[in-house]
Amino acid sequence: MHYLTDIILIALGAALINNFVLYYFVGICPFIGVSRRIDMAIGMGFAVTFVISIAAFLSWTITTFMLKPGAPVSKWAAGFFMPAASAAQVDLTVLSYIVYIFAIASSVQFVEMYVRRFYPSLYRSFGVFLPLITTNCAILFACLIIFSRIVGVDNPADAWDIGRALTLAVFGGIGFTIAITIMAGIREELELCDIPKPLKGAGITLIVASILAMAFMGFTGVDSGLKSALTPAAVEHTQSAEE
Amino acid sequence: MPVAPTPAERFIQGILPENPVYRQLLGLCPTLAVTNGLKAALTMAGAVAFVLFCANIVTSMIRHLLKPHLRIVIFTLIIATFVTITDRFLAAYMYNMSKTLGPYIPLIIVNCIIICRCEVCASRQSMFTAAADALGQAGGFALALASIAAVREVLGTGQLFGIQVLPTVWPNWIIMILPPGAFMTLGLLLGAVNWIQLRRSEKAGQTSE
Amino acid sequence: MKPLPPLDPIASSALERLKHNYILQAWLVLMLALFFGASLAVVHLRLGPRIEQNKANETRHRIPEIILGSARAEDPARQERALTSSARTISVKKQGRELLYTVYEARHPEGNLAGWVAKAAGQGYADKVELLIGFSPSVDAITGIFVLDQKETPGLGNKITTVDWRSQFAEIKTAQPVEVIKSGAKRPNQIDAITGATISSRSVTRIVNTTVEDLRGPLAALARNAKD
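Top to bottom, those sequences are chains F, Y and Z.
Taking the numbering used here, I'd label the letters of the first sequence as residues 1 to 243.
Taking the numbering used here, I'd label the letters of the second sequence as residues 1001 to 1209.
Taking the numbering used here, I'd label the letters of the third sequence as residues 2001 to 2228.
Note that these hints are calculated values from the structure, not bench results.
Any given hint might turn out to be false.
Below, simulated DSS-like cross-link-like pairs (lysine-lysine); rule was C-alpha separation at most 30 Å, straight line [as the list claims (entries may be wrong)]:
hint	chain 1	residue 1	chain 2	residue 2
1	F	200	Z	2159
2	F	68	Z	2055
3	Y	1039	Z	2055
Some, not all, of what chain Y presents toward chain Z, calculated at C-beta under 7 Å [said to hold, decoys possible]:
hint	residue
4	1046
5	1065
6	1081
7	1085
8	1088
9	1095
10	1159
11	1162
12	1163
13	1165
14	1174
Even glycine gets a Cβ: it sits at the ideal position worked out from N, Cα and C.
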């Protein structure tokens, strides 16, 4: 029950409250570049969601089993060179950024080969955008959040498991899709408007994005309210004492 | 055949004519995220300058060994290494700033500016040209970040670098420090730069007739 | 991806060139990887300890201020009589789950207990709020709080970090839970909420009350054992 509450809060947080594009400012380049038509926007959103999930899975696995201090694989490998006590302290997190970016590049390569094989028309319409997902900040950002929730916690029991990591990744991608699709819908309407020349293209997109961000700010606090609603009544007892 | 730009040309182009943020629309993620204070913005600009400079130099050194299908992998490896070094350095010597900048320092790895410069300039020209290009682009990026951060910080808190510049009766426009303010500031400043550019090309068009 | 070479027989020199190409490529990437790996290891060894030190100091530097109150902690006459602190982990069983609290034990130079500082976290209005809460040695009063990390609304909720608001927590007795009143707090265990940020104020108070409830027993027991 506690786990389910956690998952719901993480999902809601990643998709709406702390939306990757409108709150954390990651994934802005495709947000401005690809959001001209709704069908391309949805396609891009799904592609990014797919890649984020694979990349998050890879980075969680590698961090938990190889990089963090006391990880099984590094402990076993270092056990050949040094006594067991210091082998358990071996900290490979300095390599984490390099490992993540290569995991992302491989995920994109894998997705590209898959789409090229099974959906050739989709592949042709995407053109150069698919390899560009490698430089999409949103994917590396998701990996970094997962990293901070595994390595950056004081209490090892609080470290995120694979379920929470994947929830963050999938719903972060869904939030990205929501934002980019809304933007595409608005931009399709804007094509009929008389926009001043200096603001055409990126300028008006950013101003519309600011209004969207203001709208999404309305979601703040939904998770704290939801948390107190979903937490079992026994804990509520101590809280109601102060009301 | 077009002549490759000289180092001086590369440097000057990077600051305004080919400004990475305002003209090329690259690296918008940190531009929006860290510009709610001038100090954070300049630290980020410094970090990007360091990574860009080192990455350009190293890429330029090995440019004759690069082959088409592996070059992106090699660029990424070089950039990721320098970003890790920068991140550790900031955590060691400027801990509070490192916490403020948070995950945006590692995001320099996927910052399009650096990969773009490696691809366009450093992998084709000599070390000196690459260095000049890096400094020019970094200068342009710092200019862009500083302009946006100045606007946001002054309107949002009445302070600049922590020093009060507006009278305290100024009702702080908190929205400027929040995400909507970031988008709005960048959009309007981008419009302003485009407008200046259009006026200039109009004047150039008129005088040439 | 490059297209596959045609199927008619390839001249042996071309084949040699192809093989030579790929070997050179792999060689370059591996050399770079080794070189960069080595430099990163050096960076990690040199800067790692300093970073750990920064992280630990973040909390330790706050301890005198929280236990003694900011005025006394900054008093230059006290500098030679600085507090020493050591960390310990307290485990609390709650609803079948085990919670681990990091608690710092602060002692005067003479060796007697000056107080406790517990690190606690909880849900604020937006995202997590991390606090340091100071207690008197027998946990009968709160000596002060400090906000380590928060993402509340700037200009409204993030006023929980201001000294003015936080100082309301000093000297509150722990016998009763702390209460948040919208304005005009009268009784000793009541504090004023921040105007326009009631939820942030309530969240901080809830975290303080929960921590007091969880740690009161174990810390008081430790203090008694230390005295004997």
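Unmet hints by their number, sorted upward, for this structure
1, 4, 10, 11, 12 and 13
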